[in-house]
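Asks: Chain by chain, the residues:
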Amino acid sequence: MNLTKGISQKNPEYLLEDEEILAAQNNSKMFEAVYNRHYESLVRFIYQRVNTKQEAFEISSKIFCNALKKVKEFKFKELLFSNWLLRLAIKELNYLFKNNQLNRALNFDTQGLKEFAASINIKQQSDNLLQISAAITQLSLHEIMLIEMHCFEKRPMLEIAEILELSEQQVKLQIADSISKVTQFIHSK
Amino acid sequence: MKNNIIINIDRAILDVAEINHQRNFKNFWKQYYLSSKPLFRNLKLFGSFALIATVAVEIAIDFVKKPMPKIADHTLKINIPISELDVQTDTFCIDAEKGDTITYKTGSQIIIPSHCFVDNDGNKITGKINIQYREFCNPVDIIFSGIPMGYDSGGVRNQFESAGMIEIKGFQNNKSVFIKESQSISINMASSIEKSGINLYRFDTIKNNWVMLGKDSLNDGLAEHAEQYFTSDKTIAPYDSIKLVALNYIKRKQEKKKTLQFKPIAPSLENSSKSSFVIDFDREDFAELCSFENVKFEICDSTKQIFAEDTATVWEAVNLKQGGSNNYMVTFSTSERTLKYAVKPVFDKLNIANAKLIFEQKYIAYNKRLQVNKIEAEFAQKELTVKLLKRQQALADAREKAIKEDQEIALVQKKARKEALENFEKKQKKQLEMAAALKSLTRSFQVNQFGIYNCDKLISSVYKNYNMQLSWIGDKEASIIQLYIIYKDINGAVYCYPNNVVNNEYILRLNKKSTCKLVAIFDNKKIGICESDELLKNIAEKIPNAVLEIHEIDLKDQNALNKLINI
Chain A
17 MNLTKGISQK NPEYLLEDEE ILAAQNNSKM FEAVYNRHYE SLVRFIYQRV
67 NTKQEAFEIS SKIFCNALKK VKEFKFKELL FSNWLLRLAI KELNYLFKNN
117 QLNRALNFDT QGLKEFAASI NIKQQSDNLL QISAAITQLS LHEIMLIEMH
167 CFEKRPMLEI AEILELSEQQ VKLQIADSIS KVTQFIHSK
Chain B
893 MKNNIIINID RAILDVAEIN HQRNFKNFWK QYYLSSKPLF RNLKLFGSFA
943 LIATVAVEIA IDFVKKPMPK IADHTLKINI PISELDVQTD TFCIDAEKGD
993 TITYKTGSQI IIPSHCFVDN DGNKITGKIN IQYREFCNPV DIIFSGIPMG
1043 YDSGGVRNQF ESAGMIEIKG FQNNKSVFIK ESQSISINMA SSIEKSGINL
1093 YRFDTIKNNW VMLGKDSLND GLAEHAEQYF TSDKTIAPYD SIKLVALNYI
1143 KRKQEKKKTL QFKPIAPSLE NSSKSSFVID FDREDFAELC SFENVKFEIC
1193 DSTKQIFAED TATVWEAVNL KQGGSNNYMV TFSTSERTLK YAVKPVFDKL
1243 NIANAKLIFE QKYIAYNKRL QVNKIEAEFA QKELTVKLLK RQQALADARE
1293 KAIKEDQEIA LVQKKARKEA LENFEKKQKK QLEMAAALKS LTRSFQVNQF
1343 GIYNCDKLIS SVYKNYNMQL SWIGDKEASI IQLYIIYKDI NGAVYCYPNN
1393 VVNNEYILRL NKKSTCKLVA IFDNKKIGIC ESDELLKNIA EKIPNAVLEI
1443 HEIDLKDQNA LNKLINI
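Chains as they are written, first to last, in the working numbering: chain A, 17 to 205; chain B, 893 to 1459.
Be a bit skeptical, because a hint or two may be false.
[Stated by the list, open to error] Chain A regions said to be covered by chain B (calculated; three or more residues, Cβ under 8 Å):
{"no.": "1", "stretch": "40-54"}
{"no.": "2", "stretch": "57-69"}
{"no.": "3", "stretch": "112-120"}
{"no.": "4", "stretch": "123-132"}
{"no.": "5", "stretch": "148-157"}
{"no.": "6", "stretch": "194-203"}
Think of the hints as simulated: they come from the structure by calculation, not from any bench.
Remember, predicted model here, so these are calculated numbers, not experimental data.
Note that CB positions come from ideal geometry on N, CA and C, so glycine has one too.
Just chain B, with the same shape it has in the complex (with noise of 0.2 Å):
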């Protein structure tokens, strides 16, 4: 690791309008809808690795106490044995400008993104591309394509159980093109095993070898999925809402404040019938009480009394203050006690003139101020209304931009699935049904570069290494290209040779409990097979022979040849 830092002084920042150029939600959306679960983060990745650790030991033992199966100098790579009976490829042709989604005869799904390929020199290829695309689902296929099942690790050769296996090259004009650096293809490969524990593999066709790349992602409704996701229209999530809120909360407050607003209260003239007092205070000690000297506050409770002792108390401390639109709270205070009255100033005929005169000066004053405040307020609240109707009115276009940006692309997508669909209706109706029956599920995967990708496991240290000799009657001048064992449980073509032969001897991995079969294919295009009960019973007997039944196919009849070889 500490080799790998790179250390670079004074390097040039990056520029705030290249970020921005980056910055594109609406592409990162996409990724990051089209994009499948990581591969290499999968939880269940470890568990698959401390399995492939522990089938990888055990095989190694089981190879160090058994004759060791030589590893020819064979390296494992395509070797197709009757070209007739390999694969056919399907060619579909997409905008490369566009992208598209190409539904394949098996119901799979191959997701290309607009703008992702380039040519030899990395140069952006626009107009018509064409994808050919194979797939490989059962023993048949697998052992006409000629595409290598082992898988050598560590100087081990392992076998691959398969659960899917494809192949997909792009072309323009006869000439390769590849996939952009920054882009890949989703595949949704329709498979018919449900197990799990399987690993993504692409064959390195320079290292002859598989590579892998990390897990696919099992899921059954992916396409149901996207569909139901681009044509849904869930209603945004009304957030606005909380401003709103914010908004009647200041309202409020100003309301209040405004009724909280000191008010004048009118003189009145005395009432003999009800308590009053006039609060006495030293002149000399309280000159700012010298406005109070003529004021009677009379008692609004008629039914609260004032005490004689209450009199002649000396109050260390007096408050008063407006206690409601037309009375003062009176309190007054010693370190002993507290005496509360709600009162108003009313005042003997002497005075009455005086104080309403100088009531109705203030009352002006009051108003003005009101006025003034009012004035403040309105436009205050008017200004906080605007500020924020502007912001609502951004991010509600910035909403609506969002919604209709998404809406594009659904249209877009729904136009070019409507489309596919179409055409796939018309051209492949009936390969469809077909499929329909046959498969449900999907593996989901990304490829970044064109090539074979197989969804694999490694077949279980159950199976052990048999010496078998093969004979077969008749076509003594025959002789064998290749030999594959085909086991009833595991989707794969086990390779037996040219890899695995000493002295003669074929090396069989088989497990003695599961049915199997030998397909040996001769270079007379013949097909030669040992069914699973003479095999098993030979091991079982310890027999090193099997005898194998020589059949002539007919190249062009499929099912007769599926019939033949799978179990």
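Bound conformation, chain A alone (with noise of 0.2 Å):
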């Protein structure tokens, strides 16, 4: 077998990742490392949507489970391992989201909330604060989505894009309709 074939060319830290899974794939007992390697990176994105702790890990769990089912489809050539890791854990999220198997949970720190109003032009009080994070529980699960990866965690377009499976322009315009609608929220409380 090549196993050399499909590996990336890319800086040598990518290059050994690519060896993980592509051992991975091969016998799903060395997906270990990656497992390990992306452990810490899913359970943070997970907390920061969920409430409680034991949610985040048993989530992760769960599609931790669901990336070793799925690790012989992932193709090097399309995206980086870990977007497509998110992309696995959003659809699990929306999933349970959707049944109604968990709580979505809007996790925001004051100087990330700060920024956002100032980036929307809302004056940052504490009230102000209170209804911008009010006004986003408005929005769809997905536009929630868009709005916690750019606003908040500050994750460049294209990443977010290759994540939700959109086009980086698509992706633009979805953020830029999510956010007027959020201060259209504030101004007609």
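Hints in hand, dock the two standalone chains.
Replies: Structure follows, in structure tokens:
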């Protein structure tokens, strides 16, 4: 078997990660390296969207199970493995939220909210910050995800597009649309 | 959905130590391996939902058209008709800390993970646990367990067709134990019903109704597969070969670089028989070329000649570079043409001594540089090799550790399996043989609380309601306490009484084309049977009456009971 087939020509760190994924694709027992590499980032990503630590750990395990089942389907040329994993995570979370098996949580820090308030020209008072949080809850799950990823986690548009399987242009438009919905809601109050 | 969003401001971030504590691949792997197909993510489920919806609509229409069988106040509760005939429970003693795999007499497997029990207050339980388990495989088991096979949904009572039902309970010192929240017990239930569209239900004893949990997973080789996995000795993919390739590449590159080092070429005395030329240049414009003043360039290839027009040309560029170990390539070019010669520097008798002196000095310097380069290259290569070897070693260690851990798990599993099998063989050899002959199919599902679980599907809408009065000869004082219909093509017992009775008429749900049997249980522990022929004949002739034949039964003779009731 040609193990180098499909290995992306990236920096050495990615090369090592690719080796680990290849190994996991060949033998699922070798998934450990992939699991250890991405565990923390995935748990943090999920914890940001759920209410309790326990939920975050349980869902992470579930997502790694899904990832292990589907790891052979992962194609190196299409996207980064971390983004592929987040894609699985978002699908799982949305499924649980939509079926009322899990409560959606918005976890903001004051600094992040202030920055967001400044970016949409709202005064950074505590009442306004609460209003912003409340306004975000009025958005759809997809729109909340976009706002969180772009405005609070500061992810680049291209990365968001890759994770959500959208074009960069679509992401830009949808984020602008979501932000305008938030401002409209705040002004209507 | 929007009402369920929780807002947390400035919540404490997750501690790395906490994340690391939870990061346990070994546990994850165990869970992954032991978990069967997810219940809620199966595409077939959507089809099943559609089917259930269709059945529900049809049943609803049917109920509107026909006189509505009144759902009496009786809830779906467990009502054992004759306690002596209730299905016996088998008790298995396991170690709570080690977990175990129980193999039931029917061939079903109950896989209990370690540390999965808690008490009423949620405290971890250690020590011995008694697991009580029983299965209900056929209509006789279902009838005498008293477990209702009806399912109330949307105000409509549906009936189940069973692909297998189990009850599992856990006790320690006669006190109930519970399954830990994050854990579950895997059950591979032996089943003889090879039908699709089966859902998994749990009987909720508080709500007195079945709760649909999703789908089970039908498989016929789970145990074999597990065995194969734990005994396999697959070799690990040699992915470290990539690093070796990289190492070889670096080596080759370094060797190539070494050969390209500029090596001074020893000056030679000119050979009058060979063509040679002198490069003439303007000393003021090209002062840096003064060292070439006394150098003649002898053409190596004797077949090449220098033409007069070439010597007369004023060349715009002259390029001299090392062409091999003993010669140079000189290239003359103008915008119109280029001329190339392989040459070696030669000197006349007057200048050769001086040239040799210069060459020796340069050669010593070159050797020094070469030596330094060699040392540097060797050092770099050594460093690289050490780094790569370290990484290889780390990966090999990790791999060895993983293999070792896997082997340990396999060993423990193997040991537990071996012990379980040995005990099983000793105690229940006869029953196992019987079960092996009977069942090979298993239905897998996870249970995260003790109770009654049922793999079922709803009975099709081709079954219509017929009103009938029942009578029997003798035992006039006896009265029916429970009435069931058993169908040949359905593994189930449809519960008719006391729920479905209006004005002394029993509402029987029948299909004219399928063989069935009416089973009545009397309060004097006798059983009344109305066979299919009479029942279907009366329906065809629209006679609203059926006569039950009363049978006295020996409560200890299970075979006679099975023969009497099963079709």
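Asks: Cut-off 8 Å, C-beta pairs, minimum 3 residues; does the coverage of the stretch 57-69 of chain A by chain B stand?
Replies: Three-residue rule met by the stretch 57-69 of chain A, so holds; n is 5.
Asks: State whether the coverage of the stretch 148-157 of chain A by chain B holds or is violated, taking the criterion as 3 or more residues with Cβ-Cβ distances under 8 Å.
Replies: holds (count 5)
Asks: Closer than 8 Å Cβ to Cβ for three or more residues is the test here. Does the stretch 194-203 of chain A pass it with chain B?
Replies: violated (count 0)
Asks: Would you say the stretch 40-54 of chain A counts as covered by chain B, given the rule of at least 3 residues with C-beta under 8 Å?
Replies: holds (count 9)
Asks: Mind taking a look at whether chain B covers the stretch 112-120 of chain A? Criterion is 3 or more residues with CB to CB distance under 8 Å.
Replies: Our answer is that it holds, as 6 residues pass the Cβ test (under 8 Å) against chain B, meeting three.
Asks: Per the coverage rule (Cβ-Cβ under 8 Å, at least three residues), is the stretch 123-132 of chain A covered by chain B?
Replies: Check passed, 5 qualifying residues.
Taken one by one, the earlier hints fail for this structure only at number 6.
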